[in-house]
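S.K.: In case you want the letters, here they are:
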Amino acid sequence: MSTTTAPAVSIDTDRPGIPLTRLVGVEVRKSFDTRAGRWLSISILGLCAVVMLVIAFLVTDSGEFQDFPFFIQAMGGTLGYFLPIIAIMLVTAEWGQRTGLVTFTLEPRRPRVVVAKLLAGLIISIGVMLLSAALAAVGTFLASSVRGVDVSWSISGHEIFNFAVSNLIGVLIGFAVAMLLMNTAAAIVGYFVYTLVLPIVVGIVGGLVEWFGDLAPWIELNTALVPLFTGDFDPTGEEWARIATAGTIWLVLPLGFGIYRLLRSEVK
Amino acid sequence: MIQVQNLTKTYAGFTAVDDVSFTCRPGAVTGFLGPNGAGKSTTMRIIAGLTPPSKGSATVGGVDYRDIPNPGTQVGVLLDASAQHAGRTGREILTIGARTMGLPQSRVDEMLALVSLSDKESRRRVRNYSLDMRQRLGIAHALLGEPKILMLDEPANGLDPAGIHWMRGLLRGYADRGGTVLLSSHLLHEVQIIADELIVIGNGKIVAQGTKEELLQAAGTYVRGLEPRALEQALASAGITVTPSGEGLTTEAAPEVVGKAAAAAGVALVELRQADGAGLEEMFLQLTATTQRDAVPTEGAQA
Ligand SMILES: Nc1ncnc2c1ncn2[C@@H]1O[C@H](COP(=O)(O)OP(=O)(O)OP(=O)(O)O)[C@@H](O)[C@H]1O
Ligand SMILES: [Mg+2]
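Taken in sequence, the protein lines are chains A and B. Position one of the first sequence corresponds to residue 985 (my numbering), numbered consecutively onward. Position one of the second sequence corresponds to residue 4 (my numbering), numbered consecutively onward.
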């Protein structure tokens, strides 16, 4: 057999693949390299700053409203509505803007892209959370120095846990809903239904229908998570089981189904 | 090398790609020609691992595309120049590609220069790009990782004649350095300028493939003699059937055969050439029209 036949333009399968860190870096960059992406983060922080100023200067100082933990709680509440949108956009932009065609051509191992997006979403969220915590500190400082309120800086581990974990869970839910719906508008509406409408509906129906009230903490994650963020912050065995069950329904299933579909679907 | 074997793709009973097989060899620009909806993009998406095939296989350099590590550095792909985030600048799009592939930022400037996008243009959002600029950006993106294999879907769409000739030069040089190129088009005129080998597809089926010369031959020869009557007799006695065409004659025989017959009879020729674009155009129209139900593939040597 001759070895000098067709010029062998072959593929090098031993070349190193794309490291996950690089994919994550690119995904973080993609969140900020458009005007819309930049403004999303800036607006969220701007809103946090407005909330901070209102609390520092306008909210009554008869109580603990200007204490650092209250600012943190207010920042957490504000972020809870908007932070997940960053993670949602990371996923849905690939379909809305059809950039998935390039993304999945450069990295055909699709689950790695999903993991990179999830990590990027968490990294950006943590960054925004840290900045909002800094705003909380500024608010406490302003209330104390400019307005002359007697503030407390002491914050408990539970309060920090509440702020960090509830927001990260929100980001994960937003990501999962986005993977399930693959559409920006639908995913944002879906997330708001989950976070705003659902707890109210479940609360009302659960109050009227007894068996549903018993069932709700098993199937509705907001309700299931209450013991984690209130009281002694120490869920019992059964309460953990509820978190696991509701968490499976709202996080694991949509994410799992979204990834499963992404692996089998065609990108166009 | 791109190899497609018995590839079939059906959508809910509709066959978009029907038992397609072809090979693109290194050193040549292979044109993938077919009318709208023929199945070109579907085939290319399957090659790039974006669409799962229903039957058959597609490999690049003998490997399933999805098994290529860091594929952008080995296979350059442009599937849709308009499928980009409208709010990103051209430079940013290339930067994202370069970062993903792990290339230095200098590659971005090199590629911008290669496709003649000025520094100022590269800082504009692609929303404000003309189709021609998007295509150039897409080609720059495909070439970023210095791949040896290129696959471009309708890259000449939106280019003006000068742009098409620029692309011919670019791809010609690329193929001459040993690269493999597969490019699609629904305009015969485009592939005729750019490609060396042709694969013609209609309604999901391959209806013709071979080198451009072979397919041109299939379309026939145009010949004009100093004395038309003498030429016609000479060819007739050599067993070559002709049809009058303008001042000359066309025939399905190769120019070489016609020339020899004329020489043997001592008839002087004024003109002897392969039938031009119009002939090939006719073939293209005919081929794609006849694929409706009863395609008779006219395979060339490059099967
Ligand atoms: N998801 C789908 N469901 C049903 N039919 C589809 C789907 N995707 C593509 N098709 C059909 O498959 C056929 C081939 O489409 P394809 O895009 O591959 O053609 P093409 O040769 O690239 O055409 P064009 O020159 O217009 O780009 C078309 O008739 C198209 O309508
Ligand atoms: Mg197409």
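If you're looking for bench data, these hints aren't it; they were derived computationally from the structure. Careful: at least some of the hints might be erroneous.
Below, simulated DSSO-like cross-link-like pairs (lysine-lysine); rule was C-alpha separation at most 27 Å, straight line [stated by the list, open to error]:
no.: 1; chain 1: A; residue 1: K1252; chain 2: B; residue 2: K58
no.: 2; chain 1: B; residue 1: K263; chain 2: B; residue 2: K58
no.: 3; chain 1: B; residue 1: K58; chain 2: B; residue 2: K123
no.: 4; chain 1: A; residue 1: K1252; chain 2: B; residue 2: K208
S.K.: Taking the hints in turn, state whether each one holds.
M.R.: We went through each hint and held it up to the structure:
1. A:K1252 to B:K58: Roughly 19 Å separates the two Cα atoms, so the pair holds.
2. B:K263 to B:K58: Violated, at about 47 Å.
3. B:K58 to B:K123: Since the Cα atoms of B:K58 and B:K123 sit roughly 47 Å apart, the hinted pair is violated (cutoff 27 Å).
4. A:K1252 to B:K208: holds (21 Å)
The structure does not agree with the numbered hints 2, 3 stated previously, though it agrees with the rest.
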